[in-house]
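Place chain B on chain A using the hints.
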Amino acid sequence: MHQTKTYKFYFLGLLVLLLLLFFINISLGSVTIPFKNTLATILGNNSSNQSWSYIIWNYRIPKAITAILVGGSLALSGLLMQTLFRNPLAGPFVLGISSGSSLGVALLIMGTGLFSSIFSFNIFNNISLIIASSLGSFLVLLAVLSIATKVKDTMSLLIIGLMFGSITGAVVSVLSYFSSAEKLKQYTYWSFGSLGDLSWYQLALLSIIICIGIALSIMSIKPLNAFLLGENYAQSVGVKIKKSRLIIIIATGLLAGSITAFAGPIAFIGLAVPHLTRQIFNTTDHKTLVPAVLLYGALLMLLCDTIAQFPGSDSVLPINAITSIVGAPVVIWLLIRKRKMVF
Amino acid sequence: MSLKVKNLSIGYKSKKQETVIAKNISFSLNKGEITAIVGINGIGKSTLLRTIANIQPKLSGSILIKNKELSNYTPLDLATKISLVLTESIATKNLTVAELIALGRQPYTNWLGTLTDTDKAKTKEAIELVEISDLQDKRCFELSDGQLQRVMIARALAQDTQIILLDEPTSHLDLYHKVQILKLLKNIAHKTNKTILFTTHEIAIAIQLCDKICILNTEESFFDSPCNIIEQHHFEKLFPTDTIQFDTGTASFKVT
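Sequences listed follow chains A and B, in order. Position in the first sequence (from 1) plus 559 gives the number in the numbering used here. Position in the second sequence (from 1) plus 129 gives the number in the numbering used here.
Among the clues, some could well be false.
[Stated by the list, open to error] Calculated pairs, BS3-like style, for lysine-lysine (alpha carbon to alpha carbon, straight line, at most 25 Å): (1) 802(A) - 210(B); (2) 711(A) - 267(B); (3) 210(B) - 799(A); (4) 160(B) - 799(A); (5) 145(B) - 711(A); (6) 142(B) - 197(B); (7) 267(B) - 222(B); (8) 142(B) - 799(A); (9) 801(A) - 144(B); (10) 801(A) - 222(B); (11) 709(A) - 142(B); (12) 142(B) - 801(A); (13) 249(B) - 307(B); (14) 249(B) - 267(B); (15) 144(B) - 802(A); (16) 711(A) - 144(B); (17) 802(A) - 142(B); (18) 307(B) - 567(A); (19) 145(B) - 846(A); (20) 383(B) - 160(B); (21) 210(B) - 801(A).
[As the list claims (entries may be wrong)] Here are the in silico distance ranges between beta carbons for each label pair: (22) 730(A) - 133(B): 53 to 59 Å; (23) 312(B) - 799(A): 54 to 60 Å; (24) 360(B) - 791(A): 33 to 39 Å; (25) 265(B) - 751(A): 55 to 61 Å.
The hints are simulated quantities; they were obtained by calculation from the structure and are not laboratory data. Quick caveat: nothing in here was measured; it's all calculated off a predicted structure. Glycine included, each C-beta is placed from N, C-alpha and C at the ideal position.
Bound conformation, chain A alone:
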């Protein structure tokens, strides 16, 4: 509590780093644009190359903003789940959100292949993928929510979420088994995750949903702190357990669900960032942790995206692979260094 003042410098430092990385991220890509010209374009100087300006405004900046939104929201939902489930290994997808959206997308891509005579028109565009993914995760979340209101024990909720994941995973496997190589490839591409396909309009929609998710999380800061004691203690200091739990689950659903819908399933950010944040911010108070994971997640995701662009090359690596390659060693390193994962 008396440490809040020193954290201001950390926040400032992270913010500066984020801005810096934002500009670096924008200045890199398959088309080489000098850093000077990138800055000039962003600052509204139109004298530079027209196609450069087009690339920056319609491709690179939306992608960098997507990376910030994705990183921040996944990290925040990871923090929410770790506190709610009192489990350092919980992430944004423990409630089956990503498996739900995988199922939605798998049904769209591979399921329609089985009934190709009915769906003769081409529906595999961006929008239909987003709708299928949202529907899938929304339905799974609805199922989990209806159970959450009945089950008193949070641990069984965690297991129910995992079981939903297993069921949807099995259905996806069955679908994959029966679908053509082309469809399978299409599905696999979706599961790689992608930050680059969002228009400004879609970005605005995503931002609105995420803002609601963040607002719900901020409302839950006090109950989240109480949950650190366990549910019985939380109740004894006046927390309405079921209501608070529901708000936290809805916030996670909005944050992780919308991200998965727009950018595909992105691994490890939600799990690793809260732990990394606790290395810098030596506190358990969610009043500090919530903004900290938002910043840290955005930062790490921008970094991963910069790496994925593979500076000086035309190819873009799958973002989901990069986050796992960066994330998994971090978790291992934390375990070795600290001997145990605390939350």
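Here is chain B on its own, set in the frame of chain A:
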């Protein structure tokens, strides 16, 4: 009178049936008194505490807190009347002692949980009363069982409630620390005029330290001062007499 329990039945309710663990429990606790609940394993001591704390529903009877029925309290209202120290360990031991104790102020803080000067003063007061000033910046996983128990008591004190319920506050502790914790509780009750109710298996210590004792039985409970309970020979019925007998002269149990 701060807590009054009348003809209470406790146990578990499911859709199909009711499992009664103990019934006909009646007692009333005054301010500034420390009371122990004793009874054999599984008789429902913890269940009784959890029922009074509104963690689980009662089966029948009444629980009155400041002359108002327990079920009429909102969670937030109740949080300013009753504080708890449970046997379950806290969810994360990564909390510092100061952070943990400050969480006891939640019923009084604003929507973000910001601590006011009053909250800080109450926290400090609790820390000083339990004498753990030197532990403030430690994390809970660095503490011994005895230290952690004192910290949890401090958290309950910081919550500033009339009633404090403790579930087996002395388990896992050696004889010295058992007596130390119970003496601390007695001091708190007498000094701050709080009502303290705890469950224990340390009957010998409870007889010496407590103002009142409640013996829990399946059919009937007995509630009185330790001396009266000894005179009325209630301790004799606590355990099967072919194994353990109560010696009224020394107020202690003997193996037969």
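Right, here's what the structure says about each hint:
Under the criterion of a C-alpha separation no larger than 25 Å, the hint pairing residue 802(A) with residue 210(B) is consistent with the structure, at around 22 Å. For the proposed pair residue 711(A) and residue 267(B), the alpha carbon gap of about 33 Å is over 25 Å, so the pair is violated. As the CA atoms of residue 210(B) and residue 799(A) are separated by approximately 16 Å, the hinted pair is consistent with the 25 Å bound. This hinted pair does not check out: residue 160(B) and residue 799(A) have alpha carbons roughly 28 Å apart, beyond 25 Å.
For the given pair, residue 145(B) sits about 18 Å from residue 711(A) by alpha-carbon distance, which is consistent with the 25 Å threshold. The hinted pair formed by residue 142(B) and residue 197(B) meets the criterion: a straight-line CA distance of about 24 Å does not exceed 25 Å. With a C-alpha separation of about 10 Å, the suggested pair residue 267(B) and residue 222(B) falls inside the 25 Å cut-off, and the hint holds. A C-alpha spacing of about 21 Å is found between residue 142(B) and residue 799(A), which places the hinted pair at or below 25 Å, so the restraint holds.
Using a Cα cut-off of 25 Å, the hinted pair residue 801(A) and residue 144(B) holds, with the two alpha carbons roughly 20 Å apart. At roughly 23 Å between alpha-carbon atoms, residue 801(A) and residue 222(B) fall within 25 Å of each other, so this suggested pair holds. Distance restraint check for residue 709(A) and residue 142(B): the Cα-Cα separation of roughly 15 Å lies within the 25 Å cut-off, and the hinted pair is therefore satisfied. Among the hinted pairs, residue 142(B) with residue 801(A) is consistent with the structure: their alpha-carbon atoms are about 19 Å apart, no more than 25 Å.
Distance restraint check for residue 249(B) and residue 307(B): the Cα-Cα separation of roughly 29 Å exceeds the 25 Å cut-off, and the hinted pair is therefore not satisfied. Between residue 249(B) and residue 267(B) the alpha-carbon distance is near 18 Å, which keeps this suggested pair within the 25 Å criterion. A distance of roughly 23 Å separates the Cα atoms of residue 144(B) and residue 802(A); the hinted pair therefore holds under the 25 Å criterion. Only pairs whose Cα atoms come within 25 Å are accepted, and residue 711(A) paired with residue 144(B) is accepted, the gap being roughly 15 Å.
For the proposed pair residue 802(A) and residue 142(B), the alpha carbon gap of about 23 Å is at most 25 Å, so the pair holds. Distance check on the hinted pair: residue 307(B) and residue 567(A) sit about 44 Å apart at the alpha-carbon level, beyond 25 Å; violated. For the proposed pair residue 145(B) and residue 846(A), the alpha carbon gap of about 44 Å is over 25 Å, so the pair is violated. With a CA separation close to 34 Å, the supplied pair residue 383(B) and residue 160(B) exceeds the 25 Å bound.
Of the supplied pair hints, the one linking residue 210(B) and residue 801(A) holds, its CA atoms being roughly 21 Å apart against a limit of 25 Å. Checked against the hint of 53 to 59 Å, the pair residue 730(A) and residue 133(B) passes, with Cβ atoms roughly 57 Å apart. The hint said 54 to 60 Å for the Cβ distance between residue 312(B) and residue 799(A), and at roughly 37 Å that hint is violated. In this structure the supplied range 33 to 39 Å holds for residue 360(B) paired with residue 791(A), their Cβ-Cβ distance being about 38 Å.
The hinted window of 55 to 61 Å between residue 265(B) and residue 751(A) is violated, with their beta carbons roughly 49 Å apart.
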